Amino acid sequence: MVLFMRLFIFALIIFLIYSAIRYFLNPKHKLKLAHAQGKFYFLDDISNARKNFLLTYRGILFEGEKYLSTPNHSFEVVSISIWLKDPSVLHEVDQEELLKIESAINQHYPNAKIEWKNHLNKVK
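Numbering (my numbering), first residue to last: 2 to 125.
Quick caveat, the hints were computed from the structure, so don't treat them as lab data. Treat the hints with caution; some may be incorrect.
With a straight-line Cα cutoff of 25 Å, these simulated SDA-like cross-link-like pairs (lysine to any residue) come out [what the hints assert, rightly or not]:
id, residue 1, residue 2
1, Lys-114, Leu-99
2, Lys-114, Leu-100
3, Lys-40, Tyr-58
4, Lys-40, His-30
5, Lys-31, Lys-52
6, Lys-101, Ala-113
7, Lys-86, Lys-118
8, Lys-118, Leu-85
9, Lys-86, Leu-69
10, Lys-86, Ala-113
11, Lys-86, Tyr-68
12, Lys-40, Ile-115
13, Lys-101, Glu-77
14, Lys-114, Arg-59
15, Lys-86, Gly-60
16, Lys-86, Arg-59
17, Lys-114, Ser-82
18, Lys-101, Ser-48
The structure displayed is predicted, hence computed values, not measured ones.
Work the whole structure out from these sequences, hints included.
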């Protein structure tokens, strides 16, 4: 019985360590941490072009939707729409910041045309 309890406690400790490592290495956790610290972070599943991406810059959270080219061409992202997750922070965004965000997105998707939504196009 004592041996069983020791094995159970050992397995529980291993499981907790494994869970903690997975939590801290999770990209969504990194996004939340960068958002809270006001840093830049780009969260995207490049292998899945149908999945939206999230990015944070100076504590402002953006979401982007990717659009693919026609099926007879290669499956390439040709257009991206970006909007604020919280439109109340629109006054905190200026044109220079949008250009920095565009250049970061263009590193991942060089042929994509970027369209800003939620009145962000008026800032630009």
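Hint-by-hint comparison with the structure:
In summary, the hint linking Lys-114 to Leu-99 is supported, as the alpha carbons are separated by about 14 Å, within the 25 Å threshold. At roughly 13 Å between alpha-carbon atoms, Lys-114 and Leu-100 fall within 25 Å of each other, so this suggested pair holds. The straight-line distance between the Cα atoms of Lys-40 and Tyr-58 is roughly 6 Å, inside the 25 Å bound, and the hint therefore holds. For the given pair, Lys-40 sits about 13 Å from His-30 by alpha-carbon distance, which is consistent with the 25 Å threshold.
Taken as a hint, the Lys-31 and Lys-52 pair is honoured in the structure, with Cα atoms around 18 Å apart against an allowance of 25 Å. Distance check on the hinted pair: Lys-101 and Ala-113 sit about 15 Å apart at the alpha-carbon level, within 25 Å; holds. With a CA separation close to 11 Å, the supplied pair Lys-86 and Lys-118 stays within the 25 Å bound. For the suggested pair Lys-118 and Leu-85, the alpha carbons sit about 8 Å apart, so the restraint of at most 25 Å is met.
A C-alpha spacing of about 22 Å is found between Lys-86 and Leu-69, which places the hinted pair at or below 25 Å, so the restraint holds. Distance restraint check for Lys-86 and Ala-113: the Cα-Cα separation of roughly 21 Å lies within the 25 Å cut-off, and the hinted pair is therefore satisfied. Using a Cα cut-off of 25 Å, the hinted pair Lys-86 and Tyr-68 holds, with the two alpha carbons roughly 19 Å apart. Simply put, Lys-40 and Ile-115 have alpha-carbon atoms about 22 Å apart, close enough for the 25 Å limit, and the pair holds.
This hinted pair checks out: Lys-101 and Glu-77 have alpha carbons roughly 23 Å apart, not beyond 25 Å. A distance of roughly 23 Å separates the Cα atoms of Lys-114 and Arg-59; the hinted pair therefore holds under the 25 Å criterion. Among the hinted pairs, Lys-86 with Gly-60 is consistent with the structure: their alpha-carbon atoms are about 11 Å apart, no more than 25 Å. Taking the CA atoms of Lys-86 and Arg-59, the gap is about 14 Å. The hint holds against a cut of 25 Å.
Between Lys-114 and Ser-82, the direct Cα distance comes to roughly 9 Å. Compliance with the 25 Å bound is thereby established for this hinted pair. The suggested pairing of Lys-101 with Ser-48 holds, with an alpha-carbon distance near 24 Å, which does not exceed 25 Å.
Of the numbered hints listed earlier, not one is contradicted by the structure.
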